[in-house]
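Protein chains in written order, with my numbering: chain U, 2 to 226; chain Y, 8 to 287; chain R, 37 to 281.
Read the hints as simulated data drawn from the structure, not as lab findings. Be aware that one or more of the hints could be misleading.
As the list claims (entries may be wrong) - For lysine to aspartate or glutamate, the following DMTMM-like pairs were computed, each having C-alpha atoms within a straight-line distance of at most 20 angstroms:
1. R:144 - R:163
2. U:131 - R:112
3. Y:244 - Y:68
4. Y:71 - Y:253
5. U:131 - R:131
6. R:139 - R:150
7. Y:211 - Y:253
8. R:257 - R:240
9. U:129 - R:112
Stated by the list, open to error - Computed beta-carbon distance windows for the label pairs:
10. Y:137 - U:58: 58 to 66 angstroms
11. R:205 - U:50: 30 to 38 angstroms
12. U:69 - Y:206: 28 to 36 angstroms
13. Y:176 - U:195: 19 to 27 angstroms
All C-beta atoms, glycine included, are put in the ideal place defined by N, C-alpha and C.
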Amino acid sequence: MEAFNSVVISQMPFLLGGLWVALQLLALLLILGLGLGLGIALMEVYGHWTLRWAGILFERIFRGIPALVLLLLFYYGVTEFIELSAFTSAVLALGLRSAAYQSQIFRGVIQAVPAGQMAAARALGMPKHKAVFHIILPQALRQAIGPWTNEFSSELKATSLAYVIGVVELTRQGRYIISSTQGNVLLVFAVVAALYFVANWLGNQLLYKLERSLALPGFETRRDD
Amino acid sequence: MNMREKLCALISGAALLAVASAPSQSLAQETLTAGVEAAFPPWAYVENGEFKGIAIDAMREIAKDEGLNVEFRDLPWPSLIPALSRGRIDLLVTGLNVTPERAEVLDFTIPWWENDDEVLVPEDSDLNLVTALCCGATVGAQGGATQAQWLEENLADNENVDLAVRTYEDYVIAVEDMLAGRLDSVVTSTDTAESFLANDRPIKIVGTIQQNQPQALAVQKGDPNGLLESLNRGILKLYNDGRWAEIVHRYSPQATIRQIPTTMPDYVDSYHEPIPGYSE
Amino acid sequence: MLLQVENVQKSYGDTEILKGVSLGLSRGQSKVIMGPSGTGKSTLLRCINHLTLPDGGRVFLDGEELTPKNINKMREVLAFVFQDFNLFTHLRAIDNVQIGPEKIRGMKKKEARDLAMHELERVGLADRAHAYPAELSGGQQQRVSIARALAMQPKVILFDEPTSALDPELTGEVISVMSQLAADGMTMLVVSHEVNFARQAADEIIFMEGGEILEQGPPSKMFVDPQHKRTRQFLDVLGHEERGS
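Could you build all of it, start to finish, from the sequences and the hints given here?
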């Protein structure tokens, strides 16, 4: 209990600071992944075959390389050409990888929208891009929230890898406490784990709420939570 | 906008973000980035959000004396030397041992410390200096550190000694694993061992391996930024006016101050005369 | 001729679905296309507004030929009602009707809303304006989709078997809306086997078989004294089914 007070309570601001860095990294990488992943999915479903192959190639590359290796590649490799901070490198490396995963989610839900929806929109005289924007995406994106929640969780955990290129996030802050006190390994990691758990739980609740509030009659997903 | 235009806008937006967040070139030249492994007391660590340790405090003093603008960046131990050789950091400030392999990829300042290695076992262990390092013992050390390399080359690879080496990302985890019964002993440098004892960890030292291992700061091979002169001059000044002893004893009250420079091995290019900031 | 279809052809692989079909509709005319299934009736309809691209032949609307360049503009006034309604599932009934005038024709939101409400009233669904498609019966959904077509203020409406996905007791409401449209002077080309609708509302029956038009004429002639034996056989069976159900 004494260790808990002296270590956990006094060090909590630093752990929370680390969590804040992790959450910023998470938000930026998810936004990058969302924009790019959606673009790739649209390219793959509606684009010329060259674009489709480019999208598939991107997906294969970024899903095939371990996150850790991508981080090192961006920090040491890409920065030969453009100067990037460790944080930016982490956003790009993890964000592009997330784009590859998210493009799969989006491609799946776009293709799951019945063909009649596009036909009806085109028959009204809607150009294709307007039909995608007004008709296909609003339906597809609702269905994407469920699988996207998984992506949220796995990327939250992936942020802990960014310490290898010097991003001082939650896990690294935990390490600092362990090394400056030369111990408390279990205690500190238990608290770190609890913080990840809470962040993940809150994020998931928020996404479930969003999913429910956007649910359409006849298309509700049942979730026992 | 059609779909293709939207996509183009998106990609160029991402590129812009990347460029915008890069520090400007002139600023990067003025401020030196010192790489540290901030989980390595007493040399460098973070406490209450602040960089601390012998190497950190000494570097701050040297920077003040020499008019350098230094900022510290924490990187995990295995990343430090690659980061320096790729130019991601300008110098390396930590308890860095001088070794032939490292001397090939980086240049060392004059050595400011000399270390031996200590054999640690749990407080209640019956092992002694010999049994802790033979006869089926599993020994922990930090991956990439000189202790791990020494154990591999001299004991693990020797058929007459039955010993297995297990490497860890840092020493705290290694000691924790030893206390959990997964290791028989841990070999660390003298100052690390003393730091564990100072923190009342339930361990004891059963023996010392005399290494006379010099430690120094390091810069990129060939010293492209011309830092060695300032650093060597700064180290000597710190030593001569007594601030060095003060800093060392702040973190390691029992430590014996060695004369600077300590042993300068012949295999280090930057120890060949004339040594900038030292020979003159 | 308001709608002129000239020698439209379509094949899938070696199978010739449409062997060069020509037909025309004057303003205010309603024609019903009948014929055995697999005869190319729906394909013909989809080829007319290029939802399926024909291999050959030409389509003119109000004297202007449909081309890849003007197709979206042309479709705005060449409405299409689908067999399985295809209402936009994420939009309420009123928004399904409003989206065309607002997003395609660039009408102001308020005006588009009023127009949409007006069209829903026309199909008798003003009280269901805020229901989602999944909350409506099949007959109601088809009526909303007709309102969606009407809201574009089309010159011609193509109906592709508008009642065949409906339970028999729900076809009546759709047929009566369509009959009213025909009576109001809408130009309509309808693929359907609804004998009652054809008798009451059609100016002409077109009988198709094997990818071509076998014969066409006013219902009074076609139902009573068709020229081809195949036409007589087919319409006789239809007539019996109709009475039987």
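These are the hints, each one checked on the structure:
{"no.": "1", "hint": "R:144 - R:163", "in the structure": "violated (23 angstroms)"}
{"no.": "2", "hint": "U:131 - R:112", "in the structure": "holds (14 angstroms)"}
{"no.": "3", "hint": "Y:244 - Y:68", "in the structure": "holds (10 angstroms)"}
{"no.": "4", "hint": "Y:71 - Y:253", "in the structure": "holds (16 angstroms)"}
{"no.": "5", "hint": "U:131 - R:131", "in the structure": "holds (16 angstroms)"}
{"no.": "6", "hint": "R:139 - R:150", "in the structure": "holds (15 angstroms)"}
{"no.": "7", "hint": "Y:211 - Y:253", "in the structure": "violated (27 angstroms)"}
{"no.": "8", "hint": "R:257 - R:240", "in the structure": "holds (9 angstroms)"}
{"no.": "9", "hint": "U:129 - R:112", "in the structure": "holds (14 angstroms)"}
{"no.": "10", "hint": "Y:137 - U:58: 58 to 66 angstroms", "in the structure": "holds (59 angstroms)"}
{"no.": "11", "hint": "R:205 - U:50: 30 to 38 angstroms", "in the structure": "violated (48 angstroms)"}
{"no.": "12", "hint": "U:69 - Y:206: 28 to 36 angstroms", "in the structure": "holds (31 angstroms)"}
{"no.": "13", "hint": "Y:176 - U:195: 19 to 27 angstroms", "in the structure": "holds (22 angstroms)"}
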